[in-house]
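Turn these sequences into a full structure, and let the hints steer you where they fit.
Using my numbering, the first residue of the first sequence is number 1, and each one after it goes up by one.
Take the hints with a grain of salt, since some may be wrong.
[Said to hold, decoys possible] Taking lysine-lysine and the DSS-like style, the derived pairs with C-alpha atoms no more than 27 Å apart in a straight line are: (1) K159 / K24; (2) K24 / K242; (3) K373 / K332; (4) K332 / K306.
No wet-lab data here; the hints were simulated from the structure.
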Amino acid sequence: MSKDILDEIIEARLSRRHRIFFDKEKLHPDYIPEKLPHREDQIKRIASVLVPALEGIRPNNILIYGLTGTGKTAVTLFVLRGLESRAKVHSSRFRYAYVNTRKTDTTYRVIAEIARSLGLRVPYTGLAIAEVYRRYIEALDSWRGIHVIVLDEIDYYVKRHGDDLLYKLTRINEELKYARVSLIGITNDINFVENLDPRVRSSLGEEEVVFPPYNAEQLEDILWDRAKQAFNPGVISLEVIKYCAALAAREHGDARRALDLLRVAGEIAERENAEKVTIAHVKQAALEIEYGKTQQVIATLPFHAKLVLKAIAILVREKGYATTGETYEMYKKLVRRYRYDPLTQRRVSEIINELDMLGLVNAIVVNRGRYGKTKMIRISESIITSIEDALRRSLGE
DNA sequence: CTTCCACCGGAAGTACCGGTAA
DNA sequence: TTACCGGTACTTCCGGTGGAAG
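Right, here's the structure in full:
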């Protein structure tokens with residue numbers, strides 16, 4: 001009997017999935033389509049810089065700029081994958097390493113990942129960085145090919161650790177006898193290059209490629225292209241696509257955001273057992289994406305960071321903003337309830353900066369003359385309830 | 001013009017953890 | 001086993017500072 005109920009649920013689920021999505025993967029942020037509309041110029045540029053690799057010639061380094069969701073990563077990987085498969089035909093030795101330095105955010109892990117892309121087995125801890133580097137060099141030279149290293153979101157890495165690693169990588173060819181390395185740096189932050197060592201800047205920027213934001217029409221093309229593959233016929237309308245495109249265009253033309261909206265809207269429609277995706281679903285999706293992000297970020301915060309955030313939330317509810325000193329006092333009260341020792345104010349000040357970087361609070365340094373220098377901390381109206389929810393959930397009560 | 005608040009944020013160092021190599 | 005490595009999460013110390021108040 002219970003089996004019948006189960007079958008019913010499973011069938012309902014399966015039939016429902018069939019109704020909305022045909023192939024949801026096509027909307028996944030990491031999926032790279034065969035066609036990248038409105039990026040022909042960039043594909044040509046990057047491909048023509050890289051093709052010499054097939055003849056065993058080291059391509060120039062490339063620096064790629066563009067805001068989030070302008071197709072930088074997709075285009076780069078698209079070209080590299082294409083070349084890698086052609087390399088087999090031409091029997092030339094060509095490989096690439098892709099590292100997102102925001103996710104892989106320490107020196108050791110970046111080098112380890114580069115080395116792994118050549119098939120090396122590198123432990124995730126225990127070795128000296130210099131040792132991993134040495135093995136990588138050795139492996140390169142015995143392989144004797146062209147290795148392209150993609151460093152995605154390098155601005156994040158450089159902000160935290162400086163440009164020493166970048167400098168080393170730009171000089172790596174001097175240490176190699178038979179192999180050659182090219183670098184591709186990808187950044188969202190246009191100003192980032194200005195703070196770079198001039199030698200690194202000139203070397204990394206041998207070629208520069210800019211990815212302008214998409215406008216609403218271009219986003220529509222992209223979305224329509226993908227929607228045709230991802231959804232079943234009749235589920236999605238041009239009207240809904242236009243709405244997603246318009247929302248994303250408002251946010252500097254972020255295609256990833258537009259695709260997320262479409263995917264989540266589809267999931268909501270599916271959940272509601274609807275036959276079509278509607279504009280109401282997209283609106284709901286925008287809310288859920290925002291809510292989900294903050295919930296997830298807060299859930300993974302260390303204990304003391306949660307308490308600091310809670311202290312700020314309380315103060316912001318009371319008077320609209322908080323200063324570092326007030327936050328610290330409130331935080332100390334909260335810690336006592338949990339019978340833990342409070343951290344120092346120096347550390348709490350750092351945690352506030354971290355919360356700012358995560359986008360949970362806005363902290364700006366202000367000088368109030370006679371009343372000293374401090375940080376004015378605020379929480380945007382649109383996420384404060386979501387933050388309170390998340391804190392209640394993860395701190396109990 | 002000077003004072004001085006209430007912090008800022010750099011630098012150096014400590015403790016601990018999970019790991020490797022010999 | 002021992003020496004060492006890098007990463008995280010802190011502490012301690014301290015010089016630095018924009019601008020309202022006096």
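Results of checking the hints against the structure:
no.	hint	in the structure
1	K159 / K24	violated, 36 Å
2	K24 / K242	holds, 19 Å
3	K373 / K332	holds, 21 Å
4	K332 / K306	holds, 13 Å
When held up to the earlier numbered hints, the structure conflicts with hint 1 and nothing else.
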